[in-house]
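4 protein chains.
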Amino acid sequence: MVEHDGADIRGQKDIGRLLLRCADRPGLVAAVSRFLAETGANIISLDQHSTEPIGGMFMQRTIFHLPGLPAARDELERDFAVQVADPFGMDFRLTEAAKPKRVAVMASTEDHCLLDLLWRNRRGELDMSVVMVIANHPDLADAVRPFGVPFIHVPARREIRDEAEQRQLDLLRGNVDLVVLARYMQILTPSFIEQVGCPLINIHHSFLPAFVGASPYRRAKERGVKLVGATAHYVTDDLDEGPIIEQDVVRVDHRHSIDDLVRLGADVERAVLSRAVLWHCEDRVIRYGNQTICL
Amino acid sequence: MVEHDGADIRGQKDIGRLLLRCADRPGLVAAVSRFLAETGANIISLDQHSTEPIGGMFMQRTIFHLPGLPAARDELERDFAVQVADPFGMDFRLTEAAKPKRVAVMASTEDHCLLDLLWRNRRGELDMSVVMVIANHPDLADAVRPFGVPFIHVPARREIRDEAEQRQLDLLRGNVDLVVLARYMQILTPSFIEQVGCPLINIHHSFLPAFVGASPYRRAKERGVKLVGATAHYVTDDLDEGPIIEQDVVRVDHRHSIDDLVRLGADVERAVLSRAVLWHCEDRVIRYGNQTICL
Amino acid sequence: MVEHDGADIRGQKDIGRLLLRCADRPGLVAAVSRFLAETGANIISLDQHSTEPIGGMFMQRTIFHLPGLPAARDELERDFAVQVADPFGMDFRLTEAAKPKRVAVMASTEDHCLLDLLWRNRRGELDMSVVMVIANHPDLADAVRPFGVPFIHVPARREIRDEAEQRQLDLLRGNVDLVVLARYMQILTPSFIEQVGCPLINIHHSFLPAFVGASPYRRAKERGVKLVGATAHYVTDDLDEGPIIEQDVVRVDHRHSIDDLVRLGADVERAVLSRAVLWHCEDRVIRYGNQTICL
Amino acid sequence: MVEHDGADIRGQKDIGRLLLRCADRPGLVAAVSRFLAETGANIISLDQHSTEPIGGMFMQRTIFHLPGLPAARDELERDFAVQVADPFGMDFRLTEAAKPKRVAVMASTEDHCLLDLLWRNRRGELDMSVVMVIANHPDLADAVRPFGVPFIHVPARREIRDEAEQRQLDLLRGNVDLVVLARYMQILTPSFIEQVGCPLINIHHSFLPAFVGASPYRRAKERGVKLVGATAHYVTDDLDEGPIIEQDVVRVDHRHSIDDLVRLGADVERAVLSRAVLWHCEDRVIRYGNQTICL
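Just so you know, the sequences run in chain order A, B, C and D.
Mapping the first sequence onto full-length UniProt numbering, position 236 (from 1) lands on 236, and the numbers just tick up by one.
Mapping the second sequence onto full-length UniProt numbering, position 219 (from 1) lands on 219, and the numbers just tick up by one.
Mapping the third sequence onto full-length UniProt numbering, position 232 (from 1) lands on 232, and the numbers just tick up by one.
Mapping the fourth sequence onto full-length UniProt numbering, position 69 (from 1) lands on 69, and the numbers just tick up by one.
Fair warning: there could be bad hints in the mix.
Given that identical chains are not distinguished, each listed pair holds provided it fits within a single copy or across any two copies.
Derived lysine to any residue pairs resembling SDA-like cross-links, with alpha carbons at most 20 Å apart [what the hints assert, rightly or not]:
(1) K13 <-> E52
(2) K13 <-> P53
(3) K13 <-> P199
If you're looking for bench data, these hints aren't it; they were derived computationally from the structure.
Okay, chain A solo, but in the shape it has when bound (with noise of 0.2 Å):
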């Protein structure tokens, strides 16, 4: 099970990450801790990951502690560009712990899934920052608002869909750094998803890939299966078929109805995509073709 930082971390002024992808080749964590050493920088975790032993693409996610560090953010970033990441031929960001990822989430008539990451969130579990609700539907404003987060009802159906992306991407663009589709049951255009600047999560009812497409507890139980699931990834402009970032499943018998997957798979779905909210909050997600790395 992936990880996620503790409490000590979260938050924290002096606390940065860094997150950096490249060609593997001998001697990079050496390279990358050295660096870090010799600016004063301690290293509090280290993950990486190289996709073959040999030849393959390698990836780290290191966790350090630099007194100063806001002040010194710029100077080494360009520091690391030019003594490590060039040489190397890396991409890489670094982001700081103190600075939680602003977030919009969207959302129709459901609740579990929206309710369960507010609910997170203020229990200090998600490191995000909820700057906006907005819903086709206006059935949810009242289990917002105790969260004292904006809720904004832009009507969206196909006929509108044009002006409905245009009012959301008004909304959205600049103002956020991830969208979560909350079961938002509209399909987004690829225009849509490629203005809005930043990435999304969605989170699809079924064990993908198994059951892609519409109505996947229907199919379920008309299949027999003994398990039905859930499935968090990244929206791509081809439906359900983005990059996974977690899954889970529940077990399930001849007893249960159509309602019944409804109702257990909805715990799933919660569970789910709060981990892969918080995993791409903490920048513990890494993509790679059409898979992820998680940190």
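Guided by the hints, dock chains B, C and D onto chain A, whose structure is given.
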């Protein structure tokens, strides 16, 4: 989770199992239990299921204790047919717990499912008599020998399918109540399935309906799923489409190679197949369309 | 896994539940089902259990459909007593699915179990009517308000236990069928448990019997266990020793601090408590000595 | 879930494992990785853990590839001691992946843990060489024979404990790197544990610390728990109190007799013990007080 009959029941000579199926209507449970009570039988357990609250298909499995069952069996069957089954339009089956099913296991070169079945059966965990192992490769002969079960090598590959199936049918027909395909890697023809004259259970190395067909672990790796699974199902003419008896999954992540998935999946395969075989041998599995009811 | 009654059953006015318990003997199932058939009732489901193959305690839960049940209920109860229960020496209870149990939830400052019960009930997943929340701290008043359930603050701590319990008894006695302790952190006296006049269900934050008593997560960390769990049980005079209704666990490892165990355990606590409350409200849980039978 | 080294690593002659432990301080990862880089070694994977964010105990496991390792090993060890370990006050251990640990398995009459270890090892799933099986009963000799491992019958019971332990020590001392107690039902004396000169891993048939001591399944049934489990731990002088390496559980209910718990628990025991042995053999398990860190 489906139950199993305890050691108190398995193999006891006065214990009977009554399975029945008919259109649901009031008075079914009463009619059956009154019949048994008047016969002097004591109901040890009774499980029933109706596919709909009203107007569905009714299924019931009853375990009862009747002193002198072996001698009384035939008369009991006739009386039940006349007094209960015919009036209610029931299909039914009456079996004796003391007569375990005769089972043939078909295997190729992978030992994990085959050996787990043989081990569990030697320990008394399964309720069957393994009368032969048929393999299309000789590799597993040594591993089977200590169990005292005949190992029969019947070479089989696409080019000689007809001769192979004929030899297999000669061995199986009339001699077994169940054929278990324990990672038997050859496709069996509809003609074979029809002629063999008993049910076949197969283990497929994926969580069906995901990854139907060949190389499921490789395709699971390519899709980046976070769980891999296995499915035990009855064999029908449509490959991997038969009624599912049991499924399970195990968690995997980016660090696992395809070989790792094969290794981790093997544990799930053997557990799932063993449960499916046990439930079948205890007359718990009722086929209903392309689904199973496991009572 | 224990089942639940589907949406077809819950709240329907002509659906009854019959629970009974007596020394096992032949003819019990027949007598009960004949009685119901002759009354015009159709058995929807029937689950029974005997603690021993012969000579044990027999328990049965029967769901039936009887047109006109609300009007016929009292007479049905009398007739069953005379015709079946008395001759067989049965304890029994007849309830109507249309009359959900009246439940009080007692809480302190932790919101996860309380909110999950209220959420699930609002979604129609549980089969109860929450008539009040009693808390010994005012903290959760705002979180409860949107659910439209009375929130009553009754300060309680060791020094004022007698007055607090008296106030609680004044609120509860005669008004509720079940009290749920949703991480209510005060010990209740045997006198309270006796006087409250209905069962109490508690959630303990460990996998009992491991870590009975205070600070189970801290002690779990110190012992280095690899799983932490939660246990829902009926409250008896012996702390953490009452009959267990449901338990579950979650995997942890060396990277988890005590705070992490608290966070991960909270998910298990709320899931386990919700299942136990549902099963109790559906009349599925039969106490037998210090164990429970969940039919 | 703890990882395992892939087939790419296991048994490769140029792959080394470096385990180390010291008080945490800045620059540790850098110092070790620089040393390896300068030696010409390529880091394949690196896992570390610190028991506290600041001021804790630091542990690291590094897998590296160094051409010519077998010849260079001794010099590498000396250099690392002088250049890194001594300055930082480290304990460390350097092992070669090509040299599997020599393991003795001790058993009594239960075959499930023993056979699962032997079978997995034959498949190449474990990273060990089983050099002998010592049993205090002759029952399992036939089952062990096909695996080609010496089976040595050393009668042992309370009355002849001293002689038995002396014979066992004569067999084990100097010949094995690990002793696995695979449901070996005799208590070993502190003197034996001290003299045997290598770690011992035991499988206890309960979810410790629940049901320490004898007859855990019977006591689990009596307490009415809803899950039963198994625990693999290092053996210390305190029975069932040693550092836990791995645990798992399986769901049970009121229908299961004690015999059923034994049967279902056996599956958990063999899985848990196999994982613990694998992790130990791959140098993943670091003892820290009475806990284990599994990297």
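Going through the hints against the structure:
1. K13 <-> E52: Only across copies: K13 and E52 sit 18 Å apart there, 36 Å inside one copy, limit 20 Å.
2. K13 <-> P53: Close across copies (14 Å), not inside one copy (36 Å); limit 20 Å.
3. K13 <-> P199: Neither: 25 Å inside a copy, 43 Å across copies.
The structure does not agree with numbered hint 3 stated previously, though it agrees with all others.
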